[in-house]
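S.K.: Chains as they are written, first to last, in this note's numbering: chain A, 1 to 132; chain B, 1 to 596; chain C, 1 to 247.
None of these hints come from the bench; they were simulated from the model.
As the structure is a prediction and not an experimental result, all values here were calculated from the model.
Ideal placement from N, C-alpha and C gives every residue a C-beta, glycine not left out.
It is possible that some hints are incorrect.
Footprint (simulated), chain B over chain C, 3 or more residues, beta carbon under 8 Å [to be verified]:
no.	segment
1	13-27
2	118-125
3	180-193
4	226-235
Each chain, written out:
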Amino acid sequence: MSAHGKPYVREVSRYRWFLRSPRYMRYMVREVTCVFIALHALVLLVGLKRLSEGREAWETFLDNLTAPFGVQLQLLILAFAIYHSMSWFNVTPKAMPVQIGEKFLPGAVIIGAHYAGWFIVSIALLFLAGVF
Amino acid sequence: MEIIKTDVAVLGAGGAGLRAAIALAELRPSLKIALVSKVYPMRSHTCAAEGGAAGVIKSDDSLDHHFHDTVGGGDWLSDQDAVDYFIREAPKELLQLEHWGCPWSREANGSVAVRPFGGMKKQRTWFAADKSGFHILHTLFQTSLKHPSIQRFDEYYVTDLVVEDGHCRGFTAVEMRSGQMKFIRANAVIIASGGAGRMFPFTTNGAIKTGDGMALAYRAGVPLKDMEFVQYHPTGLPNTGTLLTEACRGEGGILVNKNGRRFLQDYGMGPETPVGQPVLKTMELGPRDRVSQAFWHEQKKGNMVPTRWGDCMMLDLRHLGEQKIDERLPLVRDMASSYLGVDPVTDPVPVRPVVHYMMGGIDTDIKAATSVKGLYAAGECACVSINGANRLGSNSLTELLVFGRRAALSALEYLDNGTGTANESAITVGADDAQARLRELFSRSNGSETIAGLRKEMMATMEENAGIYRSGEGLEKACATLAGLRERFARIELHDKTNVYNTDLLQAMELGAMLDCAEAVTVSALERRESRGAHQRLDFTARDDQQYLRHSLARYRGAQPPEIGYSDVVITRSPPGVRDYSGEKSAGEKSAGEQK
Amino acid sequence: MSERIVELEVLRFNPETDAEPRFQRYSVPCMNEWVVLDALNHVKETMDPTLSYRWSCHMAVCGSCGMMINGEPKLACKAFLREYDGVIRVEPLAHFPIQRDLVTVIDDFVTKLKRVKPYLIPKQDQPVEAGEFKQSPAELKKYKQYTLCINCMLCYAACPEYGLVPKFIGPAAISLAHRYNEDSRDGGREQRQQEIASNEGVWECSFVGACSEVCPEHVDPAGALQQVKIKSTVDWYQEHLLPGSKK
Numbered sequence: 001m002s003a004h005g006k007p008y009v010r011e012v013s014r015y016r017w018f019l020r021s022p023r024y025m026r027y028m029v030r031e032v033t034c035v036f037i038a039l040h041a042l043v044l045l046v047g048l049k050r051l052s053e054g055r056e057a058w059e060t061f062l063d064n065l066t067a068p069f070g071v072q073l074q075l076l077i078l079a080f081a082i083y084h085s086m087s088w089f090n091v092t093p094k095a096m097p098v099q100i101g102e103k104f105l106p107g108a109v110i111i112g113a114h115y116a117g118w119f120i121v122s123i124a125l126l127f128l129a130g131v132f
Numbered sequence: 001m002e003i004i005k006t007d008v009a010v011l012g013a014g015g016a017g018l019r020a021a022i023a024l025a026e027l028r029p030s031l032k033i034a035l036v037s038k039v040y041p042m043r044s045h046t047c048a049a050e051g052g053a054a055g056v057i058k059s060d061d062s063l064d065h066h067f068h069d070t071v072g073g074g075d076w077l078s079d080q081d082a083v084d085y086f087i088r089e090a091p092k093e094l095l096q097l098e099h100w101g102c103p104w105s106r107e108a109n110g111s112v113a114v115r116p117f118g119g120m121k122k123q124r125t126w127f128a129a130d131k132s133g134f135h136i137l138h139t140l141f142q143t144s145l146k147h148p149s150i151q152r153f154d155e156y157y158v159t160d161l162v163v164e165d166g167h168c169r170g171f172t173a174v175e176m177r178s179g180q181m182k183f184i185r186a187n188a189v190i191i192a193s194g195g196a197g198r199m200f201p202f203t204t205n206g207a208i209k210t211g212d213g214m215a216l217a218y219r220a221g222v223p224l225k226d227m228e229f230v231q232y233h234p235t236g237l238p239n240t241g242t243l244l245t246e247a248c249r250g251e252g253g254i255l256v257n258k259n260g261r262r263f264l265q266d267y268g269m270g271p272e273t274p275v276g277q278p279v280l281k282t283m284e285l286g287p288r289d290r291v292s293q294a295f296w297h298e299q300k301k302g303n304m305v306p307t308r309w310g311d312c313m314m315l316d317l318r319h320l321g322e323q324k325i326d327e328r329l330p331l332v333r334d335m336a337s338s339y340l341g342v343d344p345v346t347d348p349v350p351v352r353p354v355v356h357y358m359m360g361g362i363d364t365d366i367k368a369a370t371s372v373k374g375l376y377a378a379g380e381c382a383c384v385s386i387n388g389a390n391r392l393g394s395n396s397l398t399e400l401l402v403f404g405r406r407a408a409l410s411a412l413e414y415l416d417n418g419t420g421t422a423n424e425s426a427i428t429v430g431a432d433d434a435q436a437r438l439r440e441l442f443s444r445s446n447g448s449e450t451i452a453g454l455r456k457e458m459m460a461t462m463e464e465n466a467g468i469y470r471s472g473e474g475l476e477k478a479c480a481t482l483a484g485l486r487e488r489f490a491r492i493e494l495h496d497k498t499n500v501y502n503t504d505l506l507q508a509m510e511l512g513a514m515l516d517c518a519e520a521v522t523v524s525a526l527e528r529r530e531s532r533g534a535h536q537r538l539d540f541t542a543r544d545d546q547q548y549l550r551h552s553l554a555r556y557r558g559a560q561p562p563e564i565g566y567s568d569v570v571i572t573r574s575p576p577g578v579r580d581y582s583g584e585k586s587a588g589e590k591s592a593g594e595q596k
Numbered sequence: 001m002s003e004r005i006v007e008l009e010v011l012r013f014n015p016e017t018d019a020e021p022r023f024q025r026y027s028v029p030c031m032n033e034w035v036v037l038d039a040l041n042h043v044k045e046t047m048d049p050t051l052s053y054r055w056s057c058h059m060a061v062c063g064s065c066g067m068m069i070n071g072e073p074k075l076a077c078k079a080f081l082r083e084y085d086g087v088i089r090v091e092p093l094a095h096f097p098i099q100r101d102l103v104t105v106i107d108d109f110v111t112k113l114k115r116v117k118p119y120l121i122p123k124q125d126q127p128v129e130a131g132e133f134k135q136s137p138a139e140l141k142k143y144k145q146y147t148l149c150i151n152c153m154l155c156y157a158a159c160p161e162y163g164l165v166p167k168f169i170g171p172a173a174i175s176l177a178h179r180y181n182e183d184s185r186d187g188g189r190e191q192r193q194q195e196i197a198s199n200e201g202v203w204e205c206s207f208v209g210a211c212s213e214v215c216p217e218h219v220d221p222a223g224a225l226q227q228v229k230i231k232s233t234v235d236w237y238q239e240h241l242l243p244g245s246k247k
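So here's chain A without its partners, still in its complex pose:
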């Protein structure tokens, strides 16, 4: 390196870097949704356990789920889960470009296919669950 003074290195804050721009904040919100997905998985696991513990435990679990706090929690989890899915759907065309001849399939088509698939699977599950 040069003998005439060293280049200056600008430090990047390890814990507050994402506060620097709205772009980074949006990224962190996307990442944070995984916490809620994990929460949802936890609720399911607890539910399974309660189911294995017999009728009373299961019904207490359901009561908790339908109580105001339980409903709010599930709505919150649902909101983040939807945002999680949406944000990932939106980037799939970049990760999986589909080329037909000299043109690429428009991103909207690929994203639309994901939403369509989501919709179909959701309806199927609801059907299996006896909702209709």
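Here the structure of chain A is known, so what remains is to put chains B and C in place on it, guided by the hints.
M.R.: Chains B and C alone, transformed into the frame defined by chain A:
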């Protein structure tokens, strides 16, 4: 001063420099190669070239056609043996580039595509969308990374060639990041440093095109050849001067004046061809010098469109349609939209001729060798000459490859045959002198000028007196102004006297190079009392083959203006004729060709 | 001719005289259609010749003039003054050491570029005399956008991963490797995998996507990196579930 020992030093890492370095590395892997550039290689101005590179490849074309197009385009000032070599090597070089991964645009069947270009009878311009130079440069740069024997010195500004006993023994350079001068001790040097368009105020050239290598060779005693021939590119953006490729016209774009008339037909390039169906070598596909000159005449008649940036002609691409423009001319659309606020899909684009290329440069022979042993030159900085008095578009990118490689071959031959006995102490004195000169520049005080001020004055006189049309009176004024500027420059004081990345120093050295080159341009232009190709005189309007079918050679004389001498042009099979870009003649020629 | 006075707040740093960078204010008379680079040139030519920065082509193809303009990585030649109100803060490109004023040290990038073997490694050897490798327009389209990188390093300035983990090879270098991997003439993907499918390569990327947002040439490096991730994952499964099969 640190001494860096190497076998061959390449000065400039654009298309020609990289091609030379790769050639050396491939031919002789044990060779130590120093690739020295004042910028990182990907910044070299080769990246801005857009249209393409010419090489005979299609079955309807022939080497003969390329030969005649080039020689005629050069107004018979091209050395025909060199042109022969050039056109022969061209297809091989372009194929080699393809083998190195260059993303040439393709035809449906997978073979490389070619497009029409100005002054060419047949389609032979290979292209990569409208960023051909960019792709060529990056292909070469990335390929050069394969070779560990190529050692790069990025952001080193070369200050002096060290010549001892008629042999080039390397050069001194300032390392920008430290401000330290280093001596690159090589036994062969290839200069590939580009042109000097920045001596003019309106140019397609980037900031770095300041004639550094031309000045180095010039000061070391090598003549600068044909410097008066400066090419104007007809379609530059009127505010920034940046380039809108000739391919706009190759794809069918038309040029109109304020009355909507395709005025080129009034200047020997008619008859008018159908819109969107260009006929090679006529109308908008005429050669650059003729098209720029037509603009000048129309402007004098008051037929150009006045805009806030001056008079312009309109480049109309609307009939091409959005799809074709996005596929073949995407950069053009982006630039017109961003910098002018005009979308070529919906509106005509105002353009004007801007300085683009220097046909002249370091005098080399057909093997890229100069009069100094061990010193070679290739690319825009050199003048072989294949381009003569006017270059055809898309010959230059090919020239980089052909002569970049040729210079490498010559350098290798020279090294193999013995480079003479070097007097190391005399050589060191040469390097130390360069160091002393640099120190002296730093030590000056009481200066009242600025680099920018002197530069502006230089540009103003070049624009006014050495433009598309010149006169004896104007050129004399320019010569006097430049002599004065050179004298004032010799006394300039730096505003920035620090060491680390001192761009005041950089711009000072660049200005010094430009002033020397500019003086070579104006004095050569004054002495050439004829009109030929890109050099047009209002006081000598005819071409004078009797007196001036020769190359001008400008020889450096220190503070004095250069001495101008002449050398013969090599004529082999194309005796000087008339350059005819009218449609009728072309049609006649075409049918004659078909009959063969 | 229309003019406006633009206030520029420019970072200055000279390692010989300064322990730390400082800001310098310039009031610059500008034309409306100018870009930040034009304003900087005006400063250097008429007010302060000591200001150092890189530039050349003024048409967004050489990649020299990358800077932080109001905190965003941009090419100074494409940052139009008309898009800014108030004081414009100009700083050197983030995540690179500052050499002098707006000039950064880009050695790290240059080294990484070389590591990924960014050159054609042909599938089959074919002498030049045999003519060009055939490549259909569709095959060209497949990798075309990844050839457009001008090495401006705006993506490195935008990438928070590179900012926090300097050993990350980074968007542009990996995208260039991907460009060759996708070129129908190339057979060198395996050779490049060692560098790019490593912890310093794509696996350091968490798909923030900032790189693609700032890229002036629309190369979409984020897309390239995710595609490399998918291919590398498929490789891994193939290797472990079907050992001995050709990739």
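S.K.: Taking beta carbons only, do three or more residues of the segment 118-125 of chain C come closer than 8 Å to chain B?
M.R.: holds (count 4)
S.K.: In terms of beta carbon proximity below 8 Å, does the segment 13-27 of chain C have 3 or more residues touching chain B?
M.R.: It holds, with 4 qualifying residues against the three required.
S.K.: Tell me whether the statement that chain B covers the segment 226-235 of chain C is true, taking a Cβ distance below 8 Å and needing three residues at minimum.
M.R.: With 0 residues closer than 8 Å to chain B, the segment 226-235 of chain C misses the three-residue bar; violated.
S.K.: Please check whether the segment 180-193 of chain C has three or more residues whose CB lies within less than 8 Å of a CB on chain B.
M.R.: holds (count 4)
The structure shown violates just one earlier hint, number 4.
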